[in-house]
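Single-letter residue listing:
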Amino acid sequence: MSVAETLIPPQPAPKHIAKPLSAARVTGSVLVLIWLALAATLIYMVVAGWDPEKFTRYGPRYLHGLMTTIILVTISVICGAVLSLPLAFARMSTNRFLSGFAYCYVYVFRGTPLLAQLFLVYYGLGGFRPQLESVGLWWFFRDAWYCGLFSMTINTAAYQAEILRGAIESVPKGQHEAADSLGVSKTVAFRKIILPQALIVALRPYGNEIILLIKGSAVVAIITVFDLMGETRYAFSRTFDYQTYLWAAIFYLTMVEALRHFWNWIERRLTRHLQR
Amino acid sequence: MGGLFSALGSLWAWIGYVFDPLCGPAGLFTWFGQSTILACGDTGWGDEIAVGLKTTVAVALLTLPVGLIIGFLVALGQQSEEKSVRLAAGIYTTIFRGLPELLTLFIIYYGMQILIQSALASFGYDERIEINAFVAGMIALAVVFSAYCSEVLLSAFRAIPKGQYEAGDALGFHRGRTLRLIILPQLVRIALPGLTNLWMILLKDTSYVSIIGLADILRQTAVAVRVTKQAFFFYLLACIIYLVLAVISSYGLSYIERWAKRSEVRR
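Residue numbers (the working numbering), protein chains in the order written: chain G, 1 to 276; chain Z, 1 to 267.
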């Protein structure tokens, strides 16, 4: 058995090797520089074109537009969720008439652009004024805001029904059988066993759907609703100042990014028990 | 030379006429709508809507390859070993997935106009210019498409095991050759369902170009509505045309998907 007589004297740290300048590195730096230049131009445009009069005139309008967008999206997501429940069940039912109807509904509203649906509701149903007046629904379809809300709701209901159906069908069959063998009734089993598992699967698609709806809600500006996009178009048509669009971009990006991070946080929190 | 071009142009117009599904010799409106408001020609709106259909399909078909190529490059950038490339690609996807398509369209349409105008002004050329709505719409749609496409391709890249790259190395392949011969065929198969979805979204997003004045289906039907006042009929027709386009492309895409998966069946 040998024993080291002397300790190895302390060595200097290994020499720092400079990374060679590769093509990828150069492209990356150039691309980042382009982004930085764009950001600098943006800031310069805002600072150089700063006009306190425009700010006091259009600032409050922007905030009002932001509120309109948020209210529109919130109400249509909630109403769409309520509508999507019967649709999802109809789609899963064994009754061929019911499931066929739900399939057609989902296919039609996912296959056509929101803008076309919006025109169909706002301008198209306007042609049925006497009939709508006799039913007492004219006040609803006369107003652009209600029409926008209506089209967004029926549109998102179709998407949410598909999300819900996919999530419920992703729960393994063994869970149903386990509930049956414990003698749990169908409704209780659905509410306490199936739905909680399905909603965790559905969480991410729901978040994506809300983000898509926030972005899609910009089209209601076309039928003269003054949401964030509508106020932006109004301000641009008055001032011909390109900044108006940049401010709208900042607002929309902030909204979407905030929601995305919030949703990630919720998902991490709700799936704590699934993480190993 | 001019004669050749005009001959090519008339050939192109003839092809466009023969294969026109609405107003061609075998067109729907030619056969069933001749005495109605949808007649082809000066008496009806059939030919205008047929032009709109062609524009919509052209915008979608021309955007697709551009968006796919940009999206592929961005996906490559997102999984680069170089931090700055990843950062630049990340900024790109974050911005263009977060902005509404309509706003992206306006920013590119008016932004390009201002940019070109100020560039020309610096050369002393001082006149109001209008940029092509078709080009602006195509760029905006391609940018949005590529941002989503890069995410789909990135997740497909991550689904390919590392051993596939190592196998390429073991065979002495160059990196580009590994990518082309080993990775790409698998990538297409994995990413196809996601890309199918994106194509459907692109088809619907083309409706936004009507707002900057491009004569697509929705724009042409809106013109018809303004003259005839039959809003419900014409917008319903627009919805039906979009729906038919979606049905046709879902059939075509399911065929492509079967073709891409031909190695997986019959085992």
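Check before you lean on any hint, since a few could be wrong.
What the hints assert, rightly or not - Cut-off 25 angstroms, straight-line C-alpha distance, at most; resulting in silico cross-link-like pairs (BS3-like, lysine-lysine):
1) Lys162(Z) with Lys261(Z)
2) Lys15(G) with Lys83(Z)
3) Lys19(G) with Lys83(Z)
4) Lys54(Z) with Lys162(Z)
5) Lys173(G) with Lys192(G)
6) Lys54(Z) with Lys229(Z)
To be clear, the hints were calculated from the coordinates, so they are not data collected in a lab.
Hint check results:
1. Lys162(Z) with Lys261(Z): Holds, at about 21 angstroms.
2. Lys15(G) with Lys83(Z): 23 angstroms, holds
3. Lys19(G) with Lys83(Z): 13 angstroms, holds
4. Lys54(Z) with Lys162(Z): Violated, at about 44 angstroms.
5. Lys173(G) with Lys192(G): With a Cα-Cα distance of about 15 angstroms, the restraint between Lys173(G) and Lys192(G) holds, given a limit of 25 angstroms.
6. Lys54(Z) with Lys229(Z): Holds, at about 24 angstroms.
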